[in-house]
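Novice: Residue numbers (the working numbering), protein chains in the order written: chain A, 1 to 267; chain B, 1 to 267.
Heads up, some of the hints might be wrong.
Note that the list lumps identical chains together, so a pair holds whenever it fits in one copy or between two copies.
[Unchecked claim] The calculated EDC-like cross-link candidates involving lysine to aspartate or glutamate, where the alpha carbons are at most 20 Å apart (straight line), are:
id, residue 1, residue 2
1, 186, 17
2, 90, 51
3, 53, 43
4, 170, 137
5, 186, 172
6, 186, 39
Calculated from the structure, these hints are not laboratory results.
Here's the letter readout for the chains.
Number of protein chains: 2
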Amino acid sequence: MKLQPVKPGAAPALGDEVADVTQEAGDAEVRKHIAKIGERMDELQTALYAEGKQALLIVLQARDGAGKDSTIRRVFGRLNPVGCMVTSFKVPTALELRHDFLWRVHQAVPPKGTIGVFNRSHYEDVLVVRVHQLVPEKVWRARYDQINAFEHLLTQNGVTILKFFLHISKDEQKERLRERLDDPAKQWKFNAADLGERDKWDEYTHAYTDVLRLTSTPEAPWYVVPADKKLPRDAMIAEVVVEALERMDPRFPGPPEGLEEFRRLLS
Amino acid sequence: MKLQPVKPGAAPALGDEVADVTQEAGDAEVRKHIAKIGERMDELQTALYAEGKQALLIVLQARDGAGKDSTIRRVFGRLNPVGCMVTSFKVPTALELRHDFLWRVHQAVPPKGTIGVFNRSHYEDVLVVRVHQLVPEKVWRARYDQINAFEHLLTQNGVTILKFFLHISKDEQKERLRERLDDPAKQWKFNAADLGERDKWDEYTHAYTDVLRLTSTPEAPWYVVPADKKLPRDAMIAEVVVEALERMDPRFPGPPEGLEEFRRLLS
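All chains, please: the whole structure from these sequences, using the hints.
Specialist: Here it is as structure tokens:
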């Protein structure tokens, strides 16, 4: 399945039934496919870094257990870490709360030549903040426009933006949270607060629907990724990223001025 | 060959002859060996991240063309990017120059649970700065002690430090700079200023010798890595890193309090 961007103004269905896809080939074959896309991604990243004129920003949002961390590891772990930076946005610090909600986000925007991955993002300020009523409605309602203006600023200044919502079903989340409890190597990921968030499933669905409806733009599109199955999830995201990099079409700079003279000096 | 830390106060020979080692096995075998160490590194990084109590800081210094970028890609590119951040220190900005030389470095120290790689570092302030006399001798002479005190602060606060000097011979550097000129995918890496640095080969050798002599400590040791051959270089560095992580012995936190209650809630 090939992911399509959410049409501006559209409110895609976010029911359990769209969290799953049919995996089109065996695991080994899908893994090989992902590895092949990964190689191309790597080539394109090298050119992007060499060119130094554009950046790529990838935003990952999801409910707990939907696989943000594992996506980062499996898709973006293939890139050269010199040119790829992951920023994980946690509960804002006291200092961050004394600034507007985009202040800390702006600082983490990837510089030219690099790829930046946001593990959660400014969208939490219209998700958890909205669901838990951490600010008055008037304040979070105004944020959709503020976000669009901010992302417009970035795209006008050489940053390509891709936003992924990893969408899992309520049953799959239960499965994964239980896995965390049962596996000593995963227990550290379990957070009692996740159960409270799970109780607010529908409120989050509603908040995500508004995010998609109000902030998917042609220049900074959202993709809803069916994420109940991990391999197709990785493949679909990797494909969108590589296609975006192909469109960005980064080029190696030409030879340095004075090439022949340098050759002579090094002969 | 197993790398040994530079003994505090010792001034190891940095001639061309120690830039090369005999590769002890065929390329395929060494690659397999590196991949195996890489897997172990990955496991240990996961535990380090889960534990969240210690950090690992890796400092890479070298002459141009010695392979800092390629080491990062080939050794640290195996890690989960969520818990690994590379910081490349360039010529200081106007703002950075208005602060002490450790100011920008301190900000890039890896937080607990993560691995940080410095691509160049505060050591440039006693290398390029010394060779080009960018500050009076009195100023850079005082920096060795300042650096030791700074690194002592870090190690006392949960940061393990490993410092690698990738050592290449003058001929190998010539070879690699020529390669950059000849390969359209590498020309962007060529910097005319590198030729001027090459002319100051002996001055840099002298400055590096002082760095090793004055700042290799039991808590923040330097390793001189023979770097004329790439595969042995990667293997030697990966081995030191994994051994350090083994000594740090990160542990997964135990099960969350209330485990049985959470299991019940998710049944």
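Novice: Confirm or reject each hint.
Specialist: Status of each hint after checking the structure:
For a Cα distance limit of 20 Å, the shortest separation of residue 186 from residue 17 qualifies neither inside one copy, at 27 Å, nor across copies, at 48 Å. Within a single copy, residue 90 and residue 51 get their C-alpha atoms only as close as 32 Å, which misses the 20 Å cut-off; across copies the closest is 17 Å, which meets it. In this assembly of identical chains, the alpha carbons of residue 53 and residue 43 lie at most 20 Å apart only when taken from the same copy (16 Å versus 36 Å across copies). Neither within a single protomer nor between protomers do residue 170 and residue 137 lie at most 20 Å apart by alpha-carbon distance, with minima of 27 Å and 66 Å respectively.
Taking the closest pair of Cα atoms, residue 186 and residue 172 come within 20 Å of each other only inside a single copy of the chain (16 Å); across copies the shortest separation is 46 Å, beyond that limit. In this assembly of identical chains, the alpha carbons of residue 186 and residue 39 lie at most 20 Å apart only when taken from different copies (18 Å versus 29 Å within one copy).
The structure shown violates the earlier hints numbered 1 and 4.
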